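Position chain X against the provided structure of chain G, taking the given hints into account.
So the chains spell out like this:
There are 2 protein chains.
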Amino acid sequence: MSTDSSPAFPGHADTAEHTSLHPHGTLPNDRIARVDVPALLEEGRTRCAAGLRAAVARLASPMDVAAAYHFGWLDVQGRPSGRTGGKALRPALALLSAEVTGAGDGPGLPGAVAVELLHNFSLVHDDLMDGDEQRRHRDTVWKRHGPETAILVGDGLLALAMEVILEVDSVRAAHRAARTLTTASRALIDGQSRDLSYERREQVTLEECLHMAGEKTGALLACSASIGAVLSGTDDRTGQALWDYGYQLGLAFQAVDDLLGIWGDPRVTGKQQWGDLRRRKKSLPVVAAAESGSTAGQRLRELLADDAGHGSHAELTDEELAMRAALVEEAGGRTWTLQEAWRRRNAAIRALDSVSMPDAVRQRFVAIPDFVVARVG
Amino acid sequence: MSTDSSPAFPGHADTAEHTSLHPHGTLPNDRIARVDVPALLEEGRTRCAAGLRAAVARLASPMDVAAAYHFGWLDVQGRPSGRTGGKALRPALALLSAEVTGAGDGPGLPGAVAVELLHNFSLVHDDLMDGDEQRRHRDTVWKRHGPETAILVGDGLLALAMEVILEVDSVRAAHRAARTLTTASRALIDGQSRDLSYERREQVTLEECLHMAGEKTGALLACSASIGAVLSGTDDRTGQALWDYGYQLGLAFQAVDDLLGIWGDPRVTGKQQWGDLRRRKKSLPVVAAAESGSTAGQRLRELLADDAGHGSHAELTDEELAMRAALVEEAGGRTWTLQEAWRRRNAAIRALDSVSMPDAVRQRFVAIPDFVVARVG
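Sequences listed follow chains G and X, in order.
Residue 280 in the UniProt record's numbering sits at position 280 of the first sequence, and the numbers go up by one each step.
Residue 167 in the UniProt record's numbering sits at position 167 of the second sequence, and the numbers go up by one each step.
Bear in mind the hints are in silico, worked out from the structure with no lab data behind them.
In this text the structure is predicted, and so the values were computed from the model without any measurement.
Hints are supplied without guarantee of correctness; some may be wrong.
Same chains, same names: a pair is fine if it fits in one copy or spans any two.
Quick list of in silico lysine-lysine cross-link-like pairs, DSSO-like style, CA-CA up to 30 Å [what the hints assert, rightly or not]:
(1) K281 x K143
(2) K143 x K282
(3) K271 x K143
(4) K282 x K271
Next up, chain G with everything else stripped away, as it sits in the complex (with noise of 0.2 Å):
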């Protein structure tokens, strides 16, 4: 789906607009294409694997050994593996937002390596809780290690992030982080309970799934956006400021993850088509849908109730899935959620317009919610 020539996504108009109205805001399209995201990404993750490895090897045995493969450097045999552990969004961001003040990124390693240690907590413990079997077309650690071992890796990661984040030098950056760690790691744990509870009810508002989605994916980008800036010693404005900019960020993203969770190329995702559907996900185009008031929309309320009523798990049938697709599809759903992310991406960017720092860096910066939303038109 291409969205170059649409009106219906504001995104492309608001950033016309900010960028002719905030000089230091937003940078003309020419400059941002030349940020090479995918290689800004990479580099985040190597620039933080040693100081990663070194925190997860002053866990206990087994935990030690799980996290190690829990994090790919080791294979299913226990053997050193090649894996690099892919891109991630996280590191780069903690330390894209230590150069803010115009100093290298140095500042931000222990922001990158908290902020990894802080989401592998949740992915552990998530795949336990949702019985999920396989991660990275590996089996996860409860599947692999047991569950016991999983529950610890979870909090033996949770603790590490919050103890690196206290090891750095400086008093009151460190403790300035501690706080930024802790607010997420609140947030991402409520968000987790409400995931849970809302599977078990028939209807959920899109208020409640936005609300949520800011928790599990909000907060954690909003954490490694500001995370790095705090530890320069940066201002409470600014880092504020980068704050918003992530979790407005995270919301992008997780609208683009909810479109990919439904209609993504499984060549491209890695994932089942429908995956999201099959799983009776109320993702952010279910739900949308469902408000809709439309017909379709109404037509799919019975069916989610039906799931509810009858307590079914039965597996839904292709001819199924392809149907409440299509419903979702009609009753507007994916094009809110497309109109979503884009407005999700715009409020991004706007939030750096109040932070001075170097073109070269705001360049980056406002490439990554660009590049998170390209990913579905």
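Coordinates of chain X only, in the frame set by chain G:
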């Protein structure tokens, strides 16, 4: 078992020695006897109750309800319960340690709340990992609210502990207290990890056993006994001495707990007779006996090897349990553990020698280890 007249317990000799050698050290027995430790513990729990409830209420649903159930504030039907939660060393120690500076115990309150949150994080997760269905004569959280909620509640309590501490006004005090708390949380998690891995092994050395007890019990009481002082702005040396005091107290407590786990009177402890033997726990008396080199110790080793070798989890009969208890005693495991409790009690009191504090505060610090060891002799 009475130790009043036994020369086998170095505790008594040491105490006398230190009372005379250190004018600011331990107090004469007649003053120690006057501290009402049960009242002190009850008061600690009462003092932090409001703060604890306010912290737990921050958790998203259904964690808030499940956590309130765990703390005993709600009954199984979710109705408010009159349970006070009983007595506990941790909050009392945190409040007492705030008083070493001569000010009130006020600055210790967030510390008392935080150590309670941390302790209960470990209870909720450990119950799930250990498959324990009952705690304080009620279903455990995972049994009542499901494993997913138990994982979340534990995660939430761990994150809350950090949040509460980082909210303390003084940045320097909050930072030091957060480091203290993180050290304890990492030790708790490492200790539980070792505990689970030791359960799968045939032999555990006494050194490993003590190290693990230091992590699981020592570190949390060390944190409790020092976090109040840290929050009161005391110097590092005092903080370290109080940490050492709490660590040794924790090991004394564990030795006593392990004795009661085999020979405790079920009418007093509320636990099954020979409970730790029933659960084939490699507790201090068992490991000390197995390492004794005696004939009884050798026989015990063979039984433990049989347990491990046959992967047997068949229930042991009362005859078998009585025989094992007799072997542990004959091999000196009971005596060694009682002596160890006294050695640790003495080391705890010695650690106070270097700390200057008001007499009334010292009196209470000294009375606590005495109260702990008095449970067994």
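Exercise for the section: Provide an ascending list of the numbers of those earlier hints which the structure does not satisfy. Expected result: Checked against the structure, no hint fails, so every one of them is satisfied.
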